[in-house]
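Engineer: Protein chains in written order, with our numbering: chain D, 344 to 618; chain Y, 3 to 558; chain A, 817 to 1123.
Derived from the structure by calculation, the hints contain no laboratory data. Cβ atoms here follow ideal geometry from the backbone N, Cα and C, with glycine treated the same way. Just to be clear, a hint being listed does not mean it is correct.
Short, incomplete list of chain Y residues facing chain A, as computed with Cβ under 8 Å [said to hold, decoys possible]:
| id | residue |
| --- | --- |
| 1 | 203 |
| 2 | 204 |
| 3 | 248 |
Simulated coverage check for chain D against chain A, where a stretch passes if three residues somewhere in it have a Cβ under 8 Å from a Cβ of chain A [unchecked claim]:
| id | segment |
| --- | --- |
| 4 | 350-359 |
| 5 | 498-511 |
| 6 | 555-566 |
One-letter residues, chain by chain:
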Amino acid sequence: MTRLRLGLFLLVLLASAAVAAPWLAGLLGRDPLAPDLFARYAPPGAGFPLGADELGRDLLLRLFFGARVSLGVGLAAALAATLLGTAIGLLAAWRGGWVDALLMRLADGLLALPALPILVLLAAIDPARFGLPRGEAMTDMIRITTILVLFGWVGVARLARAGAITILASDYVRAARALGVSEARLLLRHVLPGLRAPVAVAGALAVAGAILAESVLSFLGLGIQPPAPSWGNMLANAQEAVFEAPLAALWPGLAILAAVAGCSLVADGLSRARR
Amino acid sequence: MGHAWRRAILASLVPLGLTLPAAAQAPRDRLTIGLAQYPSTFHPNIEAMAAKSYILGFARRPLTAYDADWKLTCLACERLPTLENGDAVLERTPDGKDGIRLTYRIREGERWADGTPVSADDLRFAWEAGRSFETGFGGAEFYRSAYELIVVDARTVTLRLDKVTYDFAAMGDFQPLPSRIERPRWQSDPKTYRSRTAYDTETTNPGLWNGPYRVTAVQPGAGVTLERNAHWTGPAPAFERIAIRTVENSAALEAQLLAGQLDMVAGELGLPLEQAVALQRRTGDRFRVEYVPGLTYEHIDLKLDNPILADRRVRQALLYGADRAQIVERLYQGRQEVAAGGVHPRDPIYEADVPRYAFDPARAAALLEEAGWKPGPDGIRRNAAGEKLSFEFMTTAGNRAREQVQQVLAGMWRAIGVEARIRNEPPRVFFAETVSRRRFDALAMFAWVSSPENVPRSLFHSDEIPRAERNWSGQNYTGYRDAEVDRLIEAIPVELDPAKRRPMWAALQRKLATDLPALPLWHRSDAHVWPRWLEGIRPTGHQNYSSLWVTEWRVR
Amino acid sequence: MAARLPQIALTLVLLSLAAWFAIGLMPGDPASLAMMADPKLTPADVERLRALHGLDQPLLARYGAWVLGLLRGELGFSRLFAQPVWMVLWPALLSTLVLVGMAVALAAVIGVALGALAAMRPRLAPLVDGLALLGQAVPSFWLGILFIIFFAVQLGWLPAGGLPEPGSSSLPFLVLPVATIAFGQLAGYARHATAALGAELQKPFITSIRARGAGEARVVWRHALPNAAVPLLTLLALDAGALVSGALVTETLFARPGMGKLLYDAVMGNDYNLALLALLLVALATMLATLAADLAQLWLDPRIETR
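Let the sequences and hints guide you as you build the complete structure.
Structural biologist: Spelled out as structure tokens, the structure:
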């Protein structure tokens, strides 16, 4: 259980940073978005606890606000992917036959499909057409989350399907059916609870994957657009000036590392607790 | 076990550790250049691309080029045709239009690297291939206008054009192509010539190259190796071999330079200015860094159909409210000059006496008040109808230099009560759709690359506003229309007397600087990073790159 | 099992159709790209360009023509690189396969060794766990930059990236990118190896071998590992497939041309034919790798039934 606790501790720490971001902004008396050309790459010290970035903005403050975006994308993507994946996995296992075959081949296809063209395509869509505000970090978050969900449900679905097949074949499900329990009730009350553990593990790992994926998208210039900070775009911006200000690259890197490690620990802890 | 392991690791690393510095100490008969792009083709006439122009500069000789002093000179020809020396003759075309007849003589001793002389037939082939549209050569306008080519003798051709412009002598991309190799390939099917040309299928064939160097090895996506052209008759270049290595990620490019794998980084297509400034500050005098103002003009196109921006006072206020000098000073350490307009200060047609808009927030505020925008409760101005002074500000996603400037500008405008909402798109989406089909809402920041004395017809003539009926051709993305500017743009190219063109150029620049369809930022400086031992490179700042004069490069 | 091949073929067809439309819906066709390069093109020129590239045809008709060409064995040309597609694809695929192959092999060997270590010496398990965690959590481009700064710029031991001059050894140029990828993949193998070996070592037949006095190392390597290899093999195959296109970041950072980079450029440069064939190649590679893993599983462990 120590893993689970350690992981949860890390995640709670990061989440509280996200919650405390406006408070920190008040404390430091700074705006995470407003550039200050006189403070470019300011060293850590009085005004800037961790120093300043390429536009003179406080790194610590941006890390705190970045936590909102990065964790937000991670959690939203993982949650949606887990729900979708579980539903599809369950459906495949329950119906079997051609439905199962179709869904699983779709999963194979998605695994083999590089996400890039679709990402560019999504970047080209005018968010205003869907009633989303233009030029807001929220729109970028939705776009990236959509992509991650589109590709992220596959892993969960496979796990859920495998688990559901085992449960559906068990004696006690057969007994329940013999007793005339309705299929919907069977799935909801008997099969789904049995899937909790593997799905939770997959979900925790999906959060980690989404946070890493966001940083890679930012590296390619397809991530969260400025001025909103995310750990990914902070890291990607800092890598360009890595010789000039190595510390600016260190902190967002560590934040990502901590978040991903936290999720993995939680996943690990959950799967061990199951055993 | 532990010991043996460590020794094995050390043993395997030591030779590697020695090889890199050792390579740098070797006699300097080779030069390794870092470049931020790899050309997608090596054919001189297909697809204009900076990386290709740079590499072909070593290996090809065009007829004419602009030199480092921005004067048109002959490279593969003997002399420039002028009306005075009789090589240019004004005449009537068969269908009665104003035309001109130009005679070029290929320089004595020009040879392809397989020993064949460069001939009039090579020019004739280039003309024929360019004339036939399906070949897909760039510069379609030139080939349309060059309606006849007469081979006078083995080294001389006469071209007849049905259009007379003051820069008639500049042949640009029209240059000899090895007819012996390329003509059969082209003739068998002009439509697919593009993918069968020897320039891309047998790039190392010496018969394709007539410069001081020839391409001897190609590693697709990674680099090109050049060696001396044995049949080159001009002054001998200093290096036996020149290796060009492509590194697209700029941090990686810098790392390879610092690691000693690269001798220099080409300024034409190398490190972003900001990074080069920082590199110089950190490494002291290890490298020579030279900053050369170039013809890449960073600006912000304003969509004039937007009701906010339709008011000239608002456009001027935006420029007054942007402290461009501060940005240049802080981000680039003053290595780049604030631009007054699209014409470069080194361009002979440059007019200094135009409105300049030095940073003046009070003036900006006054102009906005005058235009009816009063401060609102949240600091953003509102008009009488209660609408916010708020618009979208777009640029290319992933271009960090631009994104930085964009955020700083948005911050400065907020201070005068203007809200610029940032929305960026990948370059492909941004250029191919948003900008070129005028789908941006207000501001679009990007760069134009021009040439000396370039008439900005496609940018500001009212006929050049992209529309669906015109297949979206034209680059007047702002939607600027002004009868006076149209007239000047039509009159300038056909005025052959430089003294008479001068006041027209001045009037055009003044008018554009007053109306501000686009906000000028700066002409980008190229940062050339050279080793201390290299000299003689003269960066040009325009589209004819320093590599064309490689024979002047020397080892100290 | 035999049903898998037609399934793969069907997936490829559907994939190509989906990708064709995805790319087709993206803004910017070759004609508009040409227009940006040459502002002096007239509207009529643009019309002719569209016809020349077949862009005046509907999307589905163009797809049909493309498939027919493919069936006749005409792979066609890359618009972006003005060369037969195969000449562009082949070197990129080769370079990526070498990179990914070495990285996955290295990760598997070290990962399994670490896993075995953790299974044999439970005291070391937290250390191995920590390392695995680190490998999983570090963003790869960050790690790559750190490697470059340290090993190439500071120490000067290894090249910072790029390819060797033709004819010289490519090994030094592979070390850092291989290490970057391998470090990220390590975690998976170490975890699986620890778990699988841990489970194997509990089994009665191991106890009996131990009772016969076999050394612990022998027990792990000769007896437990072969049985634990089955899930590892699946992991290996999945990794290799995913990495062929996923090496983009590493390839960009180390300036190595490869499939990831090629695919990115093809999509961004609107090179339909190249993008599509590269995509299908990558997809095929992934699916074949999965198939191979399943077959290997069958061969190693005949108990697994096929459905």
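Engineer: Compare the structure with each hint and give your call.
Structural biologist: Hints versus structure:
1. Proximity of residue 203/Y to chain A holds as hinted, the smallest CB-CB distance being about 7 Å (cut-off 8 Å).
2. For residue 204/Y, the interface hint is violated, since its Cβ never comes within 8 Å of a Cβ in chain A; the closest pair sits about 11 Å apart.
3. Interface hint at residue 248/Y: satisfied, since its Cβ lies 7 Å from the closest Cβ of chain A, which is below the 8 Å cut-off.
4. Check on the segment 350-359 of chain D: 0 of its residues sit with their Cβ under 8 Å from a Cβ of chain A, so the three-residue criterion for coverage is violated.
5. With 0 residues carrying a beta carbon less than 8 Å from a beta carbon of chain A, the segment 498-511 of chain D misses the three-residue requirement, and the given coverage is violated.
6. Here the segment 555-566 of chain D counts 5 residues with a CB under 8 Å from a CB of chain A, which clears the bar of 3, and the coverage holds.
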